[in-house]
Amino acid sequence: MERSEVRRLYLLAAFLVCAYALPFVVGAWAGTVRFDERWLANLATVVIAGVMQGGVYAMFAVGLTLIFGVMRIINAAHGEMVMLGAYLTWVCFFYLGVDPLLSIVLTLPVAFLFGLAMQKLLLDAVVGQPELTGLLITFGLGLVMIYTVELVFTTDFRTIPYAPGTVQLTSTIAVGQNRVISFVMALVITAAVYVFLQQSRLGKAVRATAVNAEVAMVCGINVRRVYLLTTGLAVALAAAGGALVSIQFGFNPETGVVYTLQAFAIIILGGRGNYVGALIGGLMLAVLENLVSLMVPNGTAMVELASYGLMIFVLLIRPAGLMGLRED
Amino acid sequence: MGRHEHARNLALLGALGLALGFLPPMLSVYLRSFALFTMMYVVLALSWNIISGFTGYTSFGHVAFYGIGAYACAILVTDYGWPWLPTLAVGALVAAVAAVALGYPVLRLKGPYFAIAMLGAAEGTRVVATVWDGLTHGGLGISLPSAETSLPTYYAMLALMVVTIAVTYAIGHSRFGVRLNAIREDEVAAEALGIDTTLYKLAAFTLSGVFPAVAGGIQAYKVLYIDPPSVFFVQITIAMALMSMLGGKGTVIGPIVGAVILYTVQELTWVNFPTAHLIAYGLFIVLVARFMPRGLVGFAIDRGWARKGMVH
Numbered sequence: 001m002e003r004s005e006v007r008r009l010y011l012l013a014a015f016l017v018c019a020y021a022l023p024f025v026v027g028a029w030a031g032t033v034r035f036d037e038r039w040l041a042n043l044a045t046v047v048i049a050g051v052m053q054g055g056v057y058a059m060f061a062v063g064l065t066l067i068f069g070v071m072r073i074i075n076a077a078h079g080e081m082v083m084l085g086a087y088l089t090w091v092c093f094f095y096l097g098v099d100p101l102l103s104i105v106l107t108l109p110v111a112f113l114f115g116l117a118m119q120k121l122l123l124d125a126v127v128g129q130p131e132l133t134g135l136l137i138t139f140g141l142g143l144v145m146i147y148t149v150e151l152v153f154t155t156d157f158r159t160i161p162y163a164p165g166t167v168q169l170t171s172t173i174a175v176g177q178n179r180v181i182s183f184v185m186a187l188v189i190t191a192a193v194y195v196f197l198q199q200s201r202l203g204k205a206v207r208a209t210a211v212n213a214e215v216a217m218v219c220g221i222n223v224r225r226v227y228l229l230t231t232g233l234a235v236a237l238a239a240a241g242g243a244l245v246s247i248q249f250g251f252n253p254e255t256g257v258v259y260t261l262q263a264f265a266i267i268i269l270g271g272r273g274n275y276v277g278a279l280i281g282g283l284m285l286a287v288l289e290n291l292v293s294l295m296v297p298n299g300t301a302m303v304e305l306a307s308y309g310l311m312i313f314v315l316l317i318r319p320a321g322l323m324g325l326r327e328d
Numbered sequence: 001m002g003r004h005e006h007a008r009n010l011a012l013l014g015a016l017g018l019a020l021g022f023l024p025p026m027l028s029v030y031l032r033s034f035a036l037f038t039m040m041y042v043v044l045a046l047s048w049n050i051i052s053g054f055t056g057y058t059s060f061g062h063v064a065f066y067g068i069g070a071y072a073c074a075i076l077v078t079d080y081g082w083p084w085l086p087t088l089a090v091g092a093l094v095a096a097v098a099a100v101a102l103g104y105p106v107l108r109l110k111g112p113y114f115a116i117a118m119l120g121a122a123e124g125t126r127v128v129a130t131v132w133d134g135l136t137h138g139g140l141g142i143s144l145p146s147a148e149t150s151l152p153t154y155y156a157m158l159a160l161m162v163v164t165i166a167v168t169y170a171i172g173h174s175r176f177g178v179r180l181n182a183i184r185e186d187e188v189a190a191e192a193l194g195i196d197t198t199l200y201k202l203a204a205f206t207l208s209g210v211f212p213a214v215a216g217g218i219q220a221y222k223v224l225y226i227d228p229p230s231v232f233f234v235q236i237t238i239a240m241a242l243m244s245m246l247g248g249k250g251t252v253i254g255p256i257v258g259a260v261i262l263y264t265v266q267e268l269t270w271v272n273f274p275t276a277h278l279i280a281y282g283l284f285i286v287l288v289a290r291f292m293p294r295g296l297v298g299f300a301i302d303r304g305w306a307r308k309g310m311v312h
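Protein sequences appear in the order of chains A and B.
For the first sequence, this note's numbering begins at 1 and goes up steadily by one.
For the second sequence, this note's numbering begins at 1 and goes up steadily by one.
I should point out that these hints are in silico values taken from the structure, not numbers from a laboratory.
None of these values were measured; they are calculated from a predicted model.
Certain hints may be false.
[Claimed, not checked] Straight-line C-alpha distance at most 25 Å; calculated SDA-like pairs for lysine to any residue:
#	chain 1	residue 1	chain 2	residue 2
1	B	K110	A	L9
2	B	K110	A	V258
3	A	K120	B	L160
4	B	K222	B	V257
[As the list claims (entries may be wrong)] From the derived model, a few chain A residues whose C-beta atoms are all more than 12 Å from chain B:
#	residue
5	F112
6	S171
7	T172
Glycine included, C-beta positions come from ideal geometry on N, C-alpha and C.
Generate the whole structure from the sequences, applying the supplied hints.
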């Protein structure tokens, strides 16, 4: 590694330390930080909840990083795919009476097919074009999805009551059962996709295409098929993320936008196209968000600001993020 | 292009300005405001085009400047009792300072990273406008003192549009514009030829931020109410990009044509399909980006209807 690279990594690390310290400083100044036992228990609860949430974030961010890594397309409709997954789960739960976790078996193939169609009809024409084309096309698709869902389901917030109990870790620290279940499911699915990408022939083809599409083509990889598979997988991951989000938080057709921006922040932090990076980025972002909402006054707006700030500063310090390759 | 053609184009612009200047008494209130917003989108699309069309840096957060201008106007008029026109200059100045401060670090990013960073910056500005109650009245928004503003705002927007078109035209036909194009085509080569790319990008970015700020100020005085979600609305950025793309980005005439067509289409669908107009709009975006990435101008050039130089 070059020296300037090492310096940038140190700078990034220093920035992240500051970013995590900031909510504590603001909290101390605003008087929300008290180092008594109850507050420490709160802190521990929040951090654990953040880790659980981060697993789910990581899962749908992995989908975004796949598309971005393989095709250099920023999928501005990614959050809408998450939203779609949530609504599919909701429909399965309320109309068919299927358990939300079981319904993933139903929603994933639907989402995969949706991804194939999206690739065939829209994205195939965009690969290799200036980034604006892909951004606009996916943004337009997102609008169509939001307002179609709104037409069918209205803007009401929906929730799925599922596993409302809590898991007591100690006498003072507890986590919601639904969060633990989501976290475990997210880890299992993410790990399965990871093993697929690392071990299988097709997965290796995907990674090769991400590194260099032209060379991959020369080596006899059917790049168009890899693109199809990538988008299918990415949409399926997003929809699975939606299923897991739907049992924890309320959602309406317009919640997708927030998830898109979070996923952007995560893949920037983790590094473009880097699978493990997206995982780490997801955990880090969720923990930071929870710290901010615990300690900083005016929490909900500030949570958003935290993820935008993180994204921009990481971009400025090291565009390749924590794990990504340097890019020229 | 010879001096003769420049003179002709300048005369055309003057004629357009004059014609639009004599129009208001003949228009209904609705049509007058329709004309005003069409002109506003011409300004927005042309400004976006300076950084993203000429220079090739796709800004996905240009609405930030528009919002800054709108807030500068609303705050100064409501809380400090300023007359309206000078607030536009303040808005432009604040936007210029913001553009330099933001552009200096962010313009080092390439391609999609620049786009994402700008998106984050615009959303971040919106959150700041929501949280900073002391200055911006927070999420409640600002109601300006009511007044009959439809005529002054019309003329202000007309003047702004004529200036923006003239400036973009001048850029498009100057060495400055050629250098911006060089940066778009190959930044490393441009640098090697001795172009101070940082300076040129920053100048283009600042110029492209100033006009939207003034437009935002005029719009605030026209509508008389602003709040963070409405003036930092992502879809305004999308509209700028889409209009430029529809007409043909990187040209002078393209964004103008695109803005007029798209705003008219938007208004018509909104009137005729109140529930489904956003679905139709989304579909329209998809279709334009999918089938016409080079826009109407590119379409015309491909078919030999227009010479390449003519449309610039």
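Results of checking the hints against the structure:
no. : hint              : result
1   : K110(B) / L9(A)   : 19 Å, holds
2   : K110(B) / V258(A) : 24 Å, holds
3   : K120(A) / L160(B) : 43 Å, violated
4   : K222(B) / V257(B) : 24 Å, holds
5   : F112              : 21 Å, holds
6   : S171              : 37 Å, holds
7   : T172              : 32 Å, holds
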